[in-house]
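*Asks:* When you get a sec, could you build the whole thing from the sequences and use the hints?
Just so you know, the protein sequences line up as chains L and R, in that order.
Quick note: the first sequence, position 239, residue 239 per the numbering used here, numbers continuous.
Quick note: the second sequence, position 424, residue 424 per the numbering used here, numbers continuous.
Keep in mind that a hint or two might mislead.
[Said to hold, decoys possible] Facing chain L, from chain R, some residues (calculated, C-beta under 10 Å): (1) Pro-77; (2) Ala-92; (3) Glu-122.
[Said to hold, decoys possible] Residues of chain R clear of chain L, computed beta-carbon distances all greater than 10 Å: (4) Lys-60; (5) His-223; (6) Ser-380; (7) Cys-431; (8) Ala-478.
Hint data in this document are derived by calculation from the structure and do not stem from the laboratory.
Just so you know, even glycine gets a beta-carbon here, dropped at the ideal spot from N, CA and C.
Number of protein chains: 2
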Amino acid sequence: MAQDKKFVEDITPMDVDFAQWYTDIVKKAELVEYTSVKGCLVIRPYAYAIWENIQKILDKRFKELGHENVCMPMFIPESLLNKEKDHVEGFAPEVAWVTHGGNEPLEERLCVRPTSETLFCEHYANIVHSYRDLPKLYNQWVSVVRWEKTTRPFLRTREFLWQEGHTIHATAEEAIKETEQMLNVYADFCEQALAMPVIKGKKTESDKFAGAVSTYAIEALMHDGKALQAGTSHYFGDGFAKAFGINYTDKENKRVFPHQTSWGVTTRLIGAVIMTHGDDSGLALPPAIAPVQVVIVPVAQHKEGVLEKANELYTRLSKLYRVKLDSSDNSPGWKFAEYEMKGVPLRIEIGPRDIENGVCVAVTRHNREKTIVALDELESKVGELLTAVHDGLYAKALANREKHTYRCKTMDEIKERLEKDGDGFVMAMWCGEEECEDKVKEVTGVGSRCIPFEQENISDVCVCCGKKAKHSVCWGKAY
Amino acid sequence: MAQDKKFVEDITPMDVDFAQWYTDIVKKAELVEYTSVKGCLVIRPYAYAIWENIQKILDKRFKELGHENVCMPMFIPESLLNKEKDHVEGFAPEVAWVTHGGNEPLEERLCVRPTSETLFCEHYANIVHSYRDLPKLYNQWVSVVRWEKTTRPFLRTREFLWQEGHTIHATAEEAIKETEQMLNVYADFCEQALAMPVIKGKKTESDKFAGAVSTYAIEALMHDGKALQAGTSHYFGDGFAKAFGINYTDKENKRVFPHQTSWGVTTRLIGAVIMTHGDDSGLALPPAIAPVQVVIVPVAQHKEGVLEKANELYTRLSKLYRVKLDSSDNSPGWKFAEYEMKGVPLRIEIGPRDIENGVCVAVTRHNREKTIVALDELESKVGELLTAVHDGLYAKALANREKHTYRCKTMDEIKERLEKDGDGFVMAMWCGEEECEDKVKEVTGVGSRCIPFEQENISDVCVCCGKKAKHSVCWGKAY
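*Replies:* Following this line, the structure appears as structure tokens:
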């Protein structure tokens with residue numbers, strides 16, 4: 001038991017130091033390991049398995065919607081990156097440059113892709129000639145590099161894994177529809193697979209993607225009241241097409257410019273899951289993406305029949321779920337702590353007395369509730385309990401968000417609420433002027449996260465200048 | 001029909017210029033597209049779908065054998081690459097160097113991984129401390145970069161996709177077993193999924209991986225008689241462990257060095273499939289990895305009931321196979337040529353007369369054989385025909401290899417056979433001296449591909465020096 005205790009004590013409590021709690025979790029749940037290059041981390045098997053589950057669900061959805069996967073090179077020549085003015089201004093300051101191949105200097109330096117718009121544009125210019133070639137609905141699963149100064153596992157790393165969708169359409173209308181559709185795919189995924197409620201909205205002008213006409217985003221609230229941008233979808237208009245000379249012959253035989261989009265989510269989603277659902281005992285994973293959905297822990301496993309029965313349950317459950325049976329010689333107490341740390345949604349305990357009674361004990365990770373389950377109803381009850389875990393996690397996250405969403409009419413009110421109730425989403429009206437946006441941030445500390453699609457009428461006037469309000473805005477401190 | 005004809009004429013016939021035939025295929029079957037960086041190609045949706053099928057089959061097999069996926073960073077600091085002497089000598093001349101992050105020069109330059117032994121070793125040194133931590137059976141699916149001078153799509157590119165397995169074991173015995181096991185996994189995959197026979201063997205000293213104690217490889221013979229190394233598996237002994245300070249406490253409480261392996265296959269396998277099975281009409285894909293296994297082409301599709309019936313067949317077949325129905329307004333002839341070019345294993349034609357007779361026509365791509373299939377037996381017959389395509393492709397490839405395998409006792413014999421019957425595998429005896437290995441290559445043009453596990457006794461003496469032979473060796477010209 002001394003060992004069990006130490007295991008849990010190793011994590012800094014969330015309320016003492018949330019940032020340290022997060023760092024402890026990613027190390028102790030064996031999600032990442034540092035390397036000698038700052039901001040470049042090893043994604044360990046447990047975290048990579050979470051990412052594979054995220055990939056599997058999203059990839060299937062993308063393909064159902066007609067998208068195809070491709071793979072672009074990782075290098076972008078400097079001249080290619082420079083072709084779209086806003087885009088290069090946004091990314092050039094944070095790219096890694098390759099200057100030598102083997103022992104020889106390159107004629108032109110290459111950057112390691114920070115994102116691949118320029119590569120897709122070069123490709124589209126080669127393959128799009130006629131309206132028959134449109135649309136192209138492409139996606140790729142790769143890593144990208146941004147030479148950030150401050151880094152934190154999953155949330156901000158110099159190299160990270162992501163998917164980037166890049167589509168090209170005959171009309172603006174079609175491209176805008178795609179941009180919206182993919183934001184909805186992300187939002188549904190966050191709610192249905194990650195049990196994480198999100199706010200859908202549009203970024204303000206000052207906050208949109210470099211080169212985009214408009215950027216849509218989903219914003220989630222973490223346990224500490226900070227906002228996390230969980231996915232973005234951009235509409236480019238024909239700006240990139242013009243810069244890269246992509247045009248096609250339409251049905252009337254005229255040369256016209258196509259319209260483009262891009263959209264992406266990253267391994268940052270793993271960070272979002274940690275900070276949305278985790279607690280002082282470790283991770284709490286939503287069943288849809290948990291590498292292990294059910295762990296079976298035999299109790300008094302040296303006694304006759306226990307391991308056999310545990311194995312039988314394993315065989316039955318592994319036909320339907322991702323299951324692990326831990327029959328190692330660690331104590332049950334050690335195992336309980338270990339799989340709570342790892343966030344396994346459901347634990348099944350089975351000992352001699354349970355076997356006698358034809359039952360097992362099921363414990364849901366997020367609330368530690370025990371349920372006695374009749375063995376002959378095992379499969380269906382486990383399914384119900386996993387659904388209950390998902391719903392429980394979602395409800396808890398939503399309750400936390402609601403508790404920390406403050407509808408405010410004045411700057412003073414914003415400051416008061418943040419001081420009294422802690423960080424959170426602030427819902428307040430805005431006139432649409434960048435000056436006011438900046439001032440809200442300067443005075444209250446919260447920046448604009450997005451202009452929610454679901455608009456509210458909190459007041460008629462801008463929270464800052466008092467002039468007529470154009471939008472309600474979701475403000476917050478961001479990761 | 002003029003269009004159909006042109007479509008096929010665009011490919012250079014194999015016998016006229018095999019290299020040009022290959023280049024034509026990869027472009028016209030829409031497998032790759034060039035970019036402005038030499039040797040860095042776009043892998044287009046059709047080729048990427050082949051790669052996804054390869055990944056799916058191999059990844060499942062790796063996991064069944066207890067391997068876990070991870071993801072290492074793409075950057076290796078120069079000092080880390082330099083830690084193992086043989087390894088750095090092998091790779092340093094062909095790596096791409098990152099020297100700047102944003103606008104600032106880096107303190108130490110970083111290479112883009114050409115392979116990740118050094119990164120895995122750094123990680124193992126951090127996480128392996130006790131015999132309880134062993135083995136670690138890791139794999140990753142990533143891209144790597146090698147700054148090659150001469151490049152060719154799939155076969156030799158500056159960036160390529162691959163998987164690299166990296167395992168670490170308590171004993172040499174266990175590591176050697178892993179090395180052999182993974183070579184067998186690759187060989188089985190090539191035969192069962194790619195319909196490509198391979199020779200398993202050991203590389204000679206001069207040809208092994210930089211830093212390995214021994215390298216095993218599988219060698220396939222392409223249609224033009226050149227050899228292609230299709231996969232490798234390396235045993236490292238404890239050399240890397242010593243260089244990187246990886247050690248663990250064994251059961252007797254002593255600090256000892258673990259033993260390592262690595263193994264990989266790359267997108268080169270797509271090149272191997274093209275050159276093993278392709279013909280003058282285009283690709284011919286083995287069903288296991290074909291993105292589309294069955295294409296349904298309606299004939300006289302404007303006639304009543306044809307498209308309905310084609311749709312019905314599509315619905316039935318797509319429950320079991322990867323199926324495409326092409327009801328576009330291109331002519332059936334154009335479609336036939338298109339899907340032959342794309343190498344779709346099986347074509348189903350369905351027209352008014354077929355419907356009347358309750359049948360359809362099935363055409364297998366590799367031999368263009370037609371089979372009349374009763375519609376009420378469709379599912380099972382399609383299954384049989386796909387198996388027949390696999391077997392037919394394998395038999396054809398094996399026959400080509402056998403026809404071009406020359407068992408020779410003297411250097412003169414080697415030269416004669418190559419001249420008379422074209423390039424191929426030469427099986428000849430060797431004394432084991434590097435001098436003789438070099439001389440065989442110099443005089444006959446064929447280098448040692450591997451020392452096959454299945455040894456033959458062609459003669460008692462070395463084909464070169466006439467001294468006592470140690471091994472039979474498979475020689476050939478290599479891609």
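*Asks:* Non-interface claim for Ser-380 (chain R): all C-beta distances to chain L beyond 10 Å?
*Replies:* holds (26 Å)
*Asks:* Is Lys-60 (chain R) truly not at the interface, in the sense that its beta carbon sits beyond 10 Å from all beta carbons of chain L?
*Replies:* holds (12 Å)
*Asks:* Going by Cβ atoms only, is Ala-92 (chain R) closer than 10 Å to chain L?
*Replies:* Given a least distance of 8 Å, the restraint on Ala-92 (chain R) holds.
*Asks:* Next item in the hint list is Glu-122 (chain R). Is there a CB on chain L closer than 10 Å to its CB?
*Replies:* Check passed: Cβ of Glu-122 (chain R) comes within 6 Å of chain L, closer than 10 Å.
*Asks:* Any CB of chain L closer than 10 Å to the CB of Pro-77 (chain R)?
*Replies:* Status holds, d = 6 Å.
*Asks:* Does the claim that Ala-478 (chain R) lies outside the interface with chain L hold up, using a Cβ gap greater than 10 Å?
*Replies:* holds (21 Å)
*Asks:* Does the claim that His-223 (chain R) lies outside the interface with chain L hold up, using a Cβ gap greater than 10 Å?
*Replies:* His-223 (chain R) clear of chain L: closest Cβ-Cβ about 26 Å, beyond 10 Å.
*Asks:* Is the nearest Cβ of chain L still more than 10 Å from the Cβ of Cys-431 (chain R)?
*Replies:* holds (35 Å)
Checked against the numbered hints given earlier, the structure satisfies every one of them.
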